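Work the whole structure out from these sequences, hints included.
These protein sequence lines are chains X and H, in that order.
Residue numbering for the first sequence follows our numbering, starting at 586 and increasing by one per position.
Residue numbering for the second sequence follows our numbering, starting at 586 and increasing by one per position.
These are calculated hints, taken from the structure and not from any lab test.
The structure displayed is predicted, hence computed values, not measured ones.
Watch out, some of these pointers could steer you wrong.
Stretches of chain X that chain H covers, calculated by requiring three or more beta carbons in the stretch to come under 8 Å of a beta carbon on chain H [as the list claims (entries may be wrong)]: (1) 602-609; (2) 785-792; (3) 806-812.
Glycine is no exception: its CB is placed at the ideal position from the N, C-alpha and C atoms.
Okay, here's what each chain looks like letter by letter:
2 protein chains.
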Amino acid sequence: MPKSSFQEIILKLQDFWASHGCLITQPYYTQVGAGTMNPATFLRVLGPEPWNVAYVEPSVRPDDGRYGENPNRFQKHTQYQVILKPDPGNPQELYLESLKALGIYPRQHDIRFVEDNWEQPAIAAWGLGWEVWLDGQEITQFTYFQQMGGVTLNPVSVEITYGLERILIALNNAKAIWDEEWGAGVTYGEIIRREEFEHSKYYYEVADIERARQMYDLFSAEADACLAQGLLVPAHDYVLKSSHTFNILDARGAISVAERQAFFRRMRELARRVAEGYEEQRKELEYPLLKDEGGKQKAESSSTAPKTILHPSSFILEIGVEELPANDVDTAYEALSARVPTLLKELYLEHGDVHIYTTPRRLVVSIDSLSPNQPDREDLVKGPPADKAFDKDGIALPAGMGFAKKNNVDTKSLEIREEGGGKYVFAVVKQKGRPTHEVLTEALPKLVESIKFEKSMRWNDSGVAFSRPIRWYVALLGDMVISFEYAGVVSGNISRGLRPYDSPEIKISSANKYFDVIREAGILLDKEERKASIVEQVNQAASLTGGEAIIEDGLLNEVTNLIEMPTAVMGGFNEEFLALPRDVLISVMKKHQRYFPVEKNGKLLAHFIAIRNGDDIGVDIVRQGNEHVLGARFADANFFVREDVKLKLEEYRPKLSTLTFHTKLGSYLDKSDRIEKLVNDLIPMLKLENDEAMFARRAAHLAKADLVTQMVTEMTSLQGIIGREYALRSGEQKDIAFAIGEQYLTVPQTIIGLGIALADRLDSLVGLFAAGLAPTGAKDPFGLRRAAIGIVQPLVEHDVDFDLAEAVKKSSKTQPIAVNDETQQKILEFITGRLKVVLNDKGYKYDVVDAVLAAQSNNPAGTARAVKQLQEWTGRDDWSSILDGYARCVRITRDQKTQFKVSEKQFVEDAEKGLYEAVQSLPTKVDSDVDSFLRNVVKLIPSINTFFDKVLVMADDQKIKENRLGLLQSISSLSSGVADLSKLEGF
Amino acid sequence: MPKSSFQEIILKLQDFWASHGCLITQPYYTQVGAGTMNPATFLRVLGPEPWNVAYVEPSVRPDDGRYGENPNRFQKHTQYQVILKPDPGNPQELYLESLKALGIYPRQHDIRFVEDNWEQPAIAAWGLGWEVWLDGQEITQFTYFQQMGGVTLNPVSVEITYGLERILIALNNAKAIWDEEWGAGVTYGEIIRREEFEHSKYYYEVADIERARQMYDLFSAEADACLAQGLLVPAHDYVLKSSHTFNILDARGAISVAERQAFFRRMRELARRVAEGYEEQRKELEYPLLKDEGGKQKAESSSTAPKTILHPSSFILEIGVEELPANDVDTAYEALSARVPTLLKELYLEHGDVHIYTTPRRLVVSIDSLSPNQPDREDLVKGPPADKAFDKDGIALPAGMGFAKKNNVDTKSLEIREEGGGKYVFAVVKQKGRPTHEVLTEALPKLVESIKFEKSMRWNDSGVAFSRPIRWYVALLGDMVISFEYAGVVSGNISRGLRPYDSPEIKISSANKYFDVIREAGILLDKEERKASIVEQVNQAASLTGGEAIIEDGLLNEVTNLIEMPTAVMGGFNEEFLALPRDVLISVMKKHQRYFPVEKNGKLLAHFIAIRNGDDIGVDIVRQGNEHVLGARFADANFFVREDVKLKLEEYRPKLSTLTFHTKLGSYLDKSDRIEKLVNDLIPMLKLENDEAMFARRAAHLAKADLVTQMVTEMTSLQGIIGREYALRSGEQKDIAFAIGEQYLTVPQTIIGLGIALADRLDSLVGLFAAGLAPTGAKDPFGLRRAAIGIVQPLVEHDVDFDLAEAVKKSSKTQPIAVNDETQQKILEFITGRLKVVLNDKGYKYDVVDAVLAAQSNNPAGTARAVKQLQEWTGRDDWSSILDGYARCVRITRDQKTQFKVSEKQFVEDAEKGLYEAVQSLPTKVDSDVDSFLRNVVKLIPSINTFFDKVLVMADDQKIKENRLGLLQSISSLSSGVADLSKLEGF
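In structure tokens:
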């Protein structure tokens, strides 16, 4: 195949989209990070007017600059942007056609729609859609915009953003962009590479921070001035200029976390005002582009009269969707599995087995032997009170007659029954069973509607929200189409085939043919079957290498939900990359690419296994493509690691001073110093000694150093892991390296790791609370909830006793700003809140957790032990008698303001003496130990019961009364610091 | 024909240029005023590497904003930019092909290449080329770049810049762009119009001047920082941002004339550094795009051996060029007319009549009966001294033999002749006449080279400079091609036909067929014939309207030089436009469009006559096109006038405060106030009284008010003329209006107009000199030389006596800054310098002018009279005796430091007494009156002669001597304040 040139791709796309009714416009005249910022998108997606446009957008992202050294990352890349508004109904198919125009045929490749939740906070915009992958390479972003500039979009726009450089690389099966032709015999590199170097250097090293800040201020002031005059496009221009200038500052490392928030707030606010102003302006102009379309044609439902179904028949509902996110495939499965049986019951429909199947493109309900009709039945309908319906002579009054008429029965057939102490008339209404198809026509839309997702989106004027757009329904009872419409889609008997086969229409002649037809089309409907097939193919492929595939459940489940027809494709990569840290390799393969890694004797092999959606035609191209992508990613990582290890880990530490943690709290170097100090304080609290103590100090010293390495800058998720790796390569002790490695785990496995993690998290909580940045509402920009969980959960799981109050106090002393007692208290309460969540999540009952937390919380491990014990106690058969007995003591005393003294001499009855003695004979209570406490209570129960049977606590004699209350108070207080049993159910 | 859409045009051009080997790139990501600023042009035209590129460039020019109200003017218009480097040899033809691709066929239209000298001072760039007109509308700029960023380009790049909006309007024969389709059924107006309004409002009303100034400073500081690091593209980006910000400030009216210079200096300096840096960078990279082309193929000259020509034959040289500017057509005519006969003489070639013909595309030399050979001839060649050549016996010595051998003669034939007092040997050398074709092959390149133009350009690697590129030569002697090469072009016998016929190749079989063939091709070679044809056609067309064409010589000459085949096309315009000022109408028709206006009884008719290059095919389209263009221009003017006349002229005056004259000298309102004051002072000096004085004051008051009207803002050349028009419409007296109207004429016709003009010009001179802005070297940014000429020339022509020193003193008093005596003196000297130029230009002899100016200059009219008289005297037969006599008196006394007293008693001789008496009897001399002075001298001459014959001035007796000297001094001083005769020739 002849090689493509960059400009050919553009010209072909221009022609394609022009011939598909798009306006062709030009890139914007000010630097933008993406085509979305161009007013041809940002403004035009607002409001009701139709808008179809396509344009090239060279997109500038300062912090993607790599000095022209990276084959896939550039400070400027070229997007091809398409906006379709409203959704034409087949945007994915149009998109795939456009790829064919470029010479990319689905059968020759693996083209995938991979979930992507797009969000651009600087312009208050979000949408749902996909990254489109070509043989493992992201080549396009495909998004249904939901909001822009904070304005909810109606109609929704489809945005298709091609990454042209990547497409060229893929088309030419090239290693890098540089030597590919731009056009006219000139290479991309010849045109762009030197520029990449210069801009990268400018953005990272030369741009003057002070001047950039001034520019930012001037730009946003001009935006304000323009907005004040209703000049929206000029205002938008300055918003864009602000945004680009912010990006420069960011690339220059000049923006602290707190500042970032302020910057975003400002940009978002301006973007919102521009968007709202534009909406208003278009309205005032009466939407000039809103051409009357002469009454929208509704899709007509089949006009043939429904046949009659006489016998129980198979039923199929297939909801055809654009590719669902993997999680949503499972969500839909759960929802349908729960809902369908109930629904059938509610509809009085008799049926055989019910099966639910889900793939990324279809949600299927299959019902065997579904009755053709509801059975006839009698319903008892309640009417007015008897005395309003009939007079005392039994003559029907108007109310009675009306009721009878409404229910189509004779007044004579009305019955009088008692209900809730009153008498009412009732009608026995005979319901003729309705035909199933009628019932389903009404019920199926509601069934679809009942499927709810974590995130959902709108796409057409039905206003319906779903995980991704619904494009078809097959609804068949036997061979009869159940007609319904939902989300603007009308049901029928046409399904669609596999994506790589161009999703051909497939007619389903009757429900019982469905499974055969679908299987013939190559689709594995059953998730378990797909999963098994994947496992088998992956293992088989791995065995060819003499190794074993690493099949992790989460990944397997995800991959299974990404395809309809799995075909394993094994590829390799350069063995030199095996020198990279294992975690880097695995992380790239699994997280970024959804590949199964292969290992042998615990060592990775230079192979990976991808799962393609489709058969094995063109599988070599798919392999090459995936190999290229992985190779490029590894080359990237390799470059970083090679550069990084030129210094020892310790040598990175000073550079932490360039990384702002928070303006009020200093740099990461400051934070690192604080962690070191705090770890010193925690060492005795955690009872670390000798080597452990020494390792902990060293690990604390090095813990954050990897943050300024290139590898972590590039893949933040590898923080800690890279620290561990580089620590080892720098000759640090294993224990130290491992502690560094696990500091970001919610539950570090070693006690040293725990120490570092606790210090880090405490420092963040204490510092940020003191800086007034405690989470509010749903907002938690600094992840403090997670930090608090990361304190309590490991303490609980390792069952390590730890005094949180003390630790908070120690941390407070290291902070550069004052942390007063009130704040410390708030921090402790906040941590307690998380502890509660952790315990609830562990399956402990709410009342049990509440009961313990009401009494103790500053030592999470102890609290957890108490909860565990208490929960066990509440499961005992005799629990209610224990609780009852103890409760009697508590209830009768809890309103007393005074703690009464008990004097043996004042006892009158034997029962009280007996109880007193029983109390006296209890063993000394162990702190926060529920078992000890309750074992004591159990011992007291007989005496308590006897006491209450025989003794009147509230004696007339004040002294006697107070003595008795004092005795009970002493029992009641046994729970102090252990649990507040009054919080328990049944108390 | 179906209508075109905007995007179709772009897509077609992309395809066209891509298929012609151009890179297709994208618009730039920062606002630029033109595609030239895009680094794909600005940087890539530098250095030796080839570069062919095409791209769209939305171009932003803030002061072209018209709030979306003007159908042809926008703050953003869309250019399509093509760069061809090096010149492919046929860029015009490629361009015309591209128009065909758009559906524009030359035979259907009038496509013209109209001289344009492109210059962009902000980036220190210039080039020569054309505006391309389509039926009177400029649709493209076509330029051969000569310099960019101050760097001389080698090779030269061809730049083709299409104006896409205008092309769309022309293609669709539309009135305005707004309702034309952009694409996909959406109009251009729907996309752009609101934006035009918003940006116009922003640039003119809202942009914050202080912030823009700050941005400018920040941008240029960043440019500096980038340059310091060798980051050229980032630096260039900031130069562009500076430039755009400057444009905003300018549109906002915030830039004074003096500041403008500083801004431009700064931008130019940055652009220069970017360009030089880029050249250097590419050199260091070893010019990666400079692919070895494997030895350039030289066009081979015809290999057939030249035939022999035996008889005198016709000779034709046709130099085929791309369209020459009208003036250069004449320049070439003059040069060839002067040079060819001399050349033939130098070449000893006998010939008949010589004719020179010039059109915009060919320069033709025709020679009748050119001899086929030079005649044989004898030349006398001087050799060594005779005694070195022969011994005394007449035997040849080595020197003699060598000389003889060198000249190919026998030593015996050497002759001995005397020369300069010495004897030398001479050889009579017989020169065999060479064939004419040989001689011409050597001579013709030099002939072409000898044609020099005011401005010339390079275009290919020959390095030759010419007015526009040379593309072919026909050189025939009889039927024999005279082979030569010059400017990379080889001669032959192929001419090319008319541009609208696609310039077909035309073979010329022999020189005497040339004229017939060219005439057959439709070309009128003879300028006079073309001119006559134009006059005839124009008159004929005008007569159809019942009117008469206004045929002004300059326009006629220009139009004649713009075409090869004239066809008159008459068009009309809406009669409502006739309400516009006549000068506006004529100015637009003549200056902007090169049309002949039509009038009847002194009133314009709503018609115009254009001259098309070509025949009358498609003439209706040509007419419509021209009518559209003119209509649009008139609509523009009409809009402005209609808006303008809503206020009276006087009401504009206060707005002059917004127009800066110069930061040190205030606004135009300040200047206007000063003019008013100064006119008050000049009134008595000019002897104005009563009404005249009143009118002068009023005219001075209103003189500058029109500068802030929209019409003058739009067409600056109409300043004054519009003032007059609006003054009349505002009800001012005619005399006042006329004075306003003629204030900018070099020589106003009325004394009132003169008063205003003098005041205006004096004010500028005095103020700007005082501000330190006197012209230096060739630089005269404020046009002060012209101002000074405008002071002296009218005073001379109107013969009005005027005391310049007094006037300068008066003006000095009105200035806001001090004007000391020294400065005033400098101003007067500067004016005197211009007076000298004016007088020399009038044909007066230099010595005469110098003689008078040495004695008097502060009253130009008087000076001029004196010069005139003196020049007449110097023409008299007896002048030498007059001058001699007077000179004797002057010469003998001029070294005396003392003025001696004359005492009658001291006279010794009669002759001195007689002279003394003659002096005493002279009538009183009239100031600066040469005639009176010289008439006196004449009367003295006999006495002077007698005196010198009889008297020895330098007597031994000191007293007698001094008395005689005193007498002569009194005569010598007669010239004081009149003329210094010692400056005269022959003195």
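Verification of the hints:
Only residues whose beta carbon comes within less than 8 Å of a beta carbon in chain H count, and the region 602-609 of chain X has 5; three or more means the coverage holds. For the region 785-792 of chain X, the stated coverage by chain H holds: 5 residues have a C-beta nearer than 8 Å to a C-beta of that chain, and at least 3 were required. Given a C-beta distance limit of less than 8 Å, the hint that chain H covers the region 806-812 of chain X holds, as 4 residues qualify and 3 suffice.
In summary, the structure agrees with every hint in the numbered list given earlier.
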